[in-house]
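J.: Line by line, the protein sequences give chains E and W. Taking the working numbering, the leading residue of the first sequence gets 1, the next gets one more, and so forth. Taking the working numbering, the leading residue of the second sequence gets 1, the next gets one more, and so forth.
Read the hints as simulated data drawn from the structure, not as lab findings. Ideal placement from N, C-alpha and C gives every residue a C-beta, glycine not left out. Be aware that one or more of the hints could be misleading.
[Claimed, not checked] Derived lysine-lysine pairs resembling DSS-like cross-links, with alpha carbons at most 25 Å apart:
1) E:181 - E:134
2) E:140 - W:96
3) E:181 - E:140
4) E:133 - E:175
5) E:133 - W:204
6) E:134 - E:175
7) E:175 - E:58
8) E:134 - W:204
9) E:181 - E:271
10) E:58 - W:96
[Said to hold, decoys possible] Stretches of chain W that chain E covers, calculated by requiring three or more beta carbons in the stretch to come under 8 Å of a beta carbon on chain E:
11) 11 to 18
12) 85 to 99
13) 187 to 197
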Amino acid sequence: MIESAAPVVVTSHLSKWYGQVIGLNDVTVTVPAGITGLLGPNGAGKSTFLKLITGQLKPNKGEIFILGERIWGNPALYVRIGFCPEQDAFYERMTGIEWVSALVRLNGAGEREADERAHRALEAVDLLDAAGKKIGAYSKGMRQRVKMAQALAHDPELLILDEPLSGLDPIARRKTIRLIKEWARSGKSIIVSSHILHEIESMTSNILLINQGRIVAEGNVHQIRELIDTHPHTVSIRADQPRALAREFLAADDVLSLRFEEGAIVVQTAKPDVFYARLTELAASGELGSIHEVTSPDDNLQAVFQYLVTT
Amino acid sequence: MLASSARVFDLSLGQMLWSRRSVFLGFLLGGPVVLAAAIQLVTATTPFWRFSVNGARVSGPGLFGMMIWLLYIRFIVPVLGVFYGTALIADEVEDKTITYLFTRPVRRGAVLLGKYLAYLACTTLLVLPSVVLVYFLIVPLGGGRVGELFPSLLGDLGMLVVGLAAYGAVFAWVGARLRRPLVIGLVFVLGWEPSILLFPGYLKRLTVAYYLQALVPHAMPQDSAIGILMQVFREVPTIATSLASLAVIVAVTLWSAVRAVEEREYVLDQ
């Protein structure tokens, strides 16, 4: 991995509040080059932190330096940054290639160059076959991937990805994780947020733990991991044949409980790694039909944060 | 700034043309055409019927002038300015697509400017054909000569573009600066402007319509009570004053809108 010594993000006493609500509270942090995971339950302040470091919000207090420069009111810096937001929002009537190309043109590329870059980016996220389809007709996974394509199409030094694996099926998840690691190997720095430790862990061991607007821990993932493993992990799987999946899971030692919801099965597992590996194999084999979406509520992570805060 | 605005313009024009607002715009602009077609039909099928206002017969060109002033300048153009101008940034915020524009190496002001230019192109592309259709349906009534009056049509079209530019800029600023911009905009164009134009004094200079009325190449009908009242207090600036004032309105409000967008934070609902 090519890593420069300079940190990609430096914040000093960074605070942001919305009226009476504190979004981020006195955060002083240095994010090194490479992949860094931003981990925290929903509402912890991850999105506020990412919006501040991408210059969408102005801090009420404190300072932010991205790649050595201030970000607020400094649009030239976006040449070096790619951002994949969490929200599922698009110009639905545009095709994937039109949309990515149009956004690359905003970076100053000419029409031909923008088309070429968009083409390459869509190829990188394995979406070239659907490049000519309207985004409105894309599946959740395709929408997630086209969002990533627009973030990397202009070849930025720093990629900031807000919940990039949310809603992806197991195969797309595996591909995306591989892609993120490849980008890091090619010299890019990546900040990726998630509320699922196992997602982050599969990409990097360097994490920032955020809760209630504060960075509660930073550094190596493995110590946190031990805490997480003592709490059951909940996974919701939307699939063609949830009952067949349930039969398969019931035979596994790591599955603690399962229940059915509309078109989905919700599983509690004591060993998330083992469970996800099995799930990916099942999805790849296609034996039990298609698996459309895998999501994980953050109950277990919330429990760990409560533990961290109270001890 | 201009190059960035041109890129935002490219991206926004198609979006604007195919937006839900354009359906509304289609209905709004279809109204005068349907009305003109109905008048044409009634005139063609009823030989002795003539259009009249308060008992006075109105010729085709006169009727066209009334439609331009009452329907387009006093209603359609301001309403379009309100609906599109206040939504230039608000739509992107509501759809949560603003993130993609504000995380590019483009000044936020250029985003607003590019979208304003797209608004102007979109509304012009849709308004002008409607006016031309009405012209060809109405002007020949009562023997009006289409070719002879063509220069005045060009004057009308130019005035409409100036009106769209002025109202769009004013409401781009209102949308960028104030909360509830739509309500404020509608109160301005449907309440403030029509009422304040009836009274003498300087307050009417705080309207866009005051400056636009000097650019109307048609004589307005004077046979209604309001028309007579307006004639009494009529104080119309010269064309040069009007054009200069409208240019100042566009420049100042657009500059203020750009400043507001550059300074403002946009917090998207999660």
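J.: Given the hinted pair residue 181 of chain E and residue 271 of chain E, is their alpha-carbon gap at most 25 Å?
T.: Judged against 25 Å, a Cα distance of about 24 Å means the pair holds.
J.: When you check the alpha-carbon spacing of residue 134 of chain E and residue 204 of chain W, does it fall within 25 Å?
T.: violated (49 Å)
J.: How does the coverage statement for the stretch 11 to 18 of chain W fare against chain E, requiring three or more residues with Cβ below 8 Å from a Cβ of that chain?
T.: With 4 residues close enough to chain E, the hint holds.
J.: Would you mind confirming whether the straight-line C-alpha gap from residue 133 of chain E to residue 204 of chain W stays at or under 25 Å?
T.: violated (52 Å)
J.: Do at least three Cβ atoms from the stretch 187 to 197 of chain W come closer than 8 Å to Cβ atoms of chain E?
T.: violated (count 0)
J.: Quickly compare the C-alpha distance for residue 134 of chain E and residue 175 of chain E to 25 Å and report which way the hint goes.
T.: holds (23 Å)
J.: Would the pair residue 140 of chain E and residue 96 of chain W pass a check requiring their Cα atoms to be no farther apart than 25 Å?
T.: Holds - the C-alpha atoms of residue 96 of chain W and residue 140 of chain E are around 17 Å apart, at most 25 Å.
J.: Taking 25 Å as the top limit, are the C-alpha atoms of residue 175 of chain E and residue 58 of chain E close enough?
T.: The given pair, whose Cα atoms are some 34 Å apart, is violated under the 25 Å limit.
J.: For a C-alpha distance cap of 25 Å, please report whether residue 133 of chain E and residue 175 of chain E respect it.
T.: holds (21 Å)
J.: For the pair we were handed, residue 181 of chain E and residue 140 of chain E, check the Cα-Cα distance against 25 Å.
T.: This hinted pair holds, its Cα atoms lying about 22 Å apart.
J.: For the pair we were handed, residue 181 of chain E and residue 134 of chain E, check the Cα-Cα distance against 25 Å.
T.: violated (29 Å)
J.: Does residue 96 of chain W lie within 25 Å of residue 58 of chain E when you go C-alpha to C-alpha?
T.: holds (18 Å)
Against the hints set out earlier in the document, violations occur for numbers 1, 5, 7, 8 and 13.
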